[in-house]
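Colleague: Whole structure, please, built from the sequences with the hints as guidance.
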Amino acid sequence: MLIPATSVPPSGWNSFDCYMGSINEEQAIANLEQFLRKLEPAGYEYFCLDAAWYADGDQKLNEELRKVRQNRKMHLDSFGRFIPSPVNFPHGLRSLADRCHENGVKFGLHIMRGMPRPALERNTPIKGTSLRARDIYDPDNFCSWCKYWVATDASRPGAFEYYKSVAEYLTEELTVDFIKLDDVVEHPDHVALFGKALDSVPRPVLLSLSPGAQDIWRGSWKQYVPYGNMIRVTADAWDYDSTNLLKLQRWYEFEELSGPELWADLDMLPLGALQVTVPESLPTEHGSARQSRMTPIGKKVMMTIFAMSCSPLIFGGDLPQTPDDDIALATHPGMLECNRNGVVGRRVSLMRHIDVRKAPRKNDPAHGWLGIFNLNEDPRHVKLTPDLLGFERIPPLRDVWGGFEVPVGPDGVLELYLQPRDCAFLKY
87 MLIPATSVPP
97 SGWNSFDCYM
107 GSINEEQAIA
117 NLEQFLRKLE
127 PAGYEYFCLD
137 AAWYADGDQK
147 LNEELRKVRQ
157 NRKMHLDSFG
167 RFIPSPVNFP
177 HGLRSLADRC
187 HENGVKFGLH
197 IMRGMPRPAL
207 ERNTPIKGTS
217 LRARDIYDPD
227 NFCSWCKYWV
237 ATDASRPGAF
247 EYYKSVAEYL
257 TEELTVDFIK
267 LDDVVEHPDH
277 VALFGKALDS
287 VPRPVLLSLS
297 PGAQDIWRGS
307 WKQYVPYGNM
317 IRVTADAWDY
327 DSTNLLKLQR
337 WYEFEELSGP
347 ELWADLDMLP
357 LGALQVTVPE
367 SLPTEHGSAR
377 QSRMTPIGKK
387 VMMTIFAMSC
397 SPLIFGGDLP
407 QTPDDDIALA
417 THPGMLECNR
427 NGVVGRRVSL
437 MRHIDVRKAP
447 RKNDPAHGWL
457 GIFNLNEDPR
467 HVKLTPDLLG
477 FERIPPLRDV
487 WGGFEVPVGP
497 DGVLELYLQP
507 RDCAFLKY
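Going by the numbering used here, the letters in the sequence shown line up with residues 87 to 514, in that order.
Certain hints may be false.
[Stated by the list, open to error] Distance windows between CB atoms, simulated:
1. W231 - R180: 25 to 31 Å
2. L331 - R426: 23 to 29 Å
3. D163 - A321: 28 to 34 Å
4. Y326 - T471: 32 to 38 Å
5. W303 - S374: 31 to 37 Å
6. R180 - H372: 26 to 32 Å
7. Y326 - G305: 28 to 34 Å
8. G305 - W231: 23 to 29 Å
9. S374 - G305: 37 to 43 Å
Derived from the structure by calculation, the hints contain no laboratory data.
Note that this is a predicted model, so its numbers are computed, not measured.
No residue lacks a Cβ here, since even glycine has one placed at the ideal position from N, Cα and C.
Modeller: And the structure:
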């Protein structure tokens with residue numbers, strides 16, 4: 087069953103940034119235990135495994151096989167649906183889902199548009215029909231970056247029934263509460279088809295939509311609203327301070343569209359321990375095992391952007407190895423209060439180097455939050471008059487991160503000194 091809206095942006099943990107497509111049962115349980123201790127008390131709700139939960143082996147094996155254009159052994163059932171790897175998950179995924187649910191946490195999985203390549207190769211039957219995988223195959227709209235899924239033609243008989251069977255398996259057998267549907271934003275017909283399939287099952291499921299190789303087009307937004315709850319508006323955003331400028335731009339482009347019916351998603355939080363199973367001797371395109379490369383200023387700016395834009399908060403680091411400082415940023419009460427206010431901040435002024443955003447409190451616009459961002463690589467001493475901040479007179483201000491009062495000059499002007507690419511996150 088589709089969830090029509092969420093009053094606050096979803097929040098949780100996802101395995102991709104730290105394990106890519108290689109997480110196993112032991113690693114998942116270790117992260118769940120830390121999730122329950124570190125994130126769940128702050129209101130984080132979803133625990134999600136990303137790609138390849140159906141593939142045997144670790145990331146080292148995956149990279150070795152990719153170099154020779156091969157894939158790890160993958161498992162699917164008689165109806166062409168991927169099922170959990172018995173090697174990586176000897177107790178299956180239902181036991182992990184049960185463990186989540188017993189602790190009040192919701193469970194999620196990643197899948198792709200289309201169907202598994204092995205289903206096409208075996209020409210597996212489509213449940214509830216006399217059709218088979220090759221009857222719905224689309225050779226012209228394949229994913230450019232994932233070779234073990236193939237495209238299906240949404241207009242062909244059997245395409246809906248296949249998606250419905252996937253929705254039934256995931257919700258009834260694995261009891262998922264969250265589905266990340268990838269490589270789909272450029273295909274609104276598949277979003278609609280899968281959304282209708284998901285709406286045909288009784289279990290409520292949050293649907294996250296991700297793009298392929300291109301960015302989402304703003305003009306297509308209304309086509310996704312009936313089906314999705316969150317939609318990626320950036321490509322994969324890794325642990326570089328420079329991605330904050332892209333996040334600021336995407337936030338501005340979608341500030342009038344994002345909201346409870348469909349949240350604009352600025353991708354995961356690349357905090358903590360990343361790529362933890364990748365040795366330095368065998369780096370992937372995203373590097374090897376490390377702590378987040380973002381600077382303290384970059385992390386603070388990123389969290390300010392996520393708070394004020396009401397982007398979903400999906401933590402990406404391996405929780406057992408993540409420093410407490412990164413956890414503290416993601417669970418900061420003042421940051422969460424702004425994000426869960428559920429009102430997307432909007433730009434109120436843009437000078438050459440200073441971008442000012444404002445997010446009023448829901449049902450109480452006399453209070454809210456300001457984000458003042460230095461876009462320049464040099465430090466800036468800025469003077470901000472009331473009109474540049476969206477006020478007739480600047481009200482009392484408090485620094486969210488520092489917890490101190492921010493004085494306004496006797497002339498009614500706010501003066502700030504901002505480090506390069508830094509920001510002020512203020513509550514008014």
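Colleague: Take the hints in turn and mark each one as holding or not.
Modeller: Cross-check of the supplied hints:
1. W231 - R180: 25 to 31 Å: holds, 30 Å
2. L331 - R426: 23 to 29 Å: holds, 25 Å
3. D163 - A321: 28 to 34 Å: holds, 32 Å
4. Y326 - T471: 32 to 38 Å: holds, 34 Å
5. W303 - S374: 31 to 37 Å: Holds: the Cβ-Cβ distance is about 35 Å, inside 31 to 37 Å.
6. R180 - H372: 26 to 32 Å: Because 30 Å falls inside the window, the suggested range holds.
7. Y326 - G305: 28 to 34 Å: For G305 against Y326, whose Cβ atoms are near 29 Å apart, the range 28 to 34 Å holds.
8. G305 - W231: 23 to 29 Å: holds, 24 Å
9. S374 - G305: 37 to 43 Å: holds, 40 Å
Hint compliance for this structure: every hint is met.
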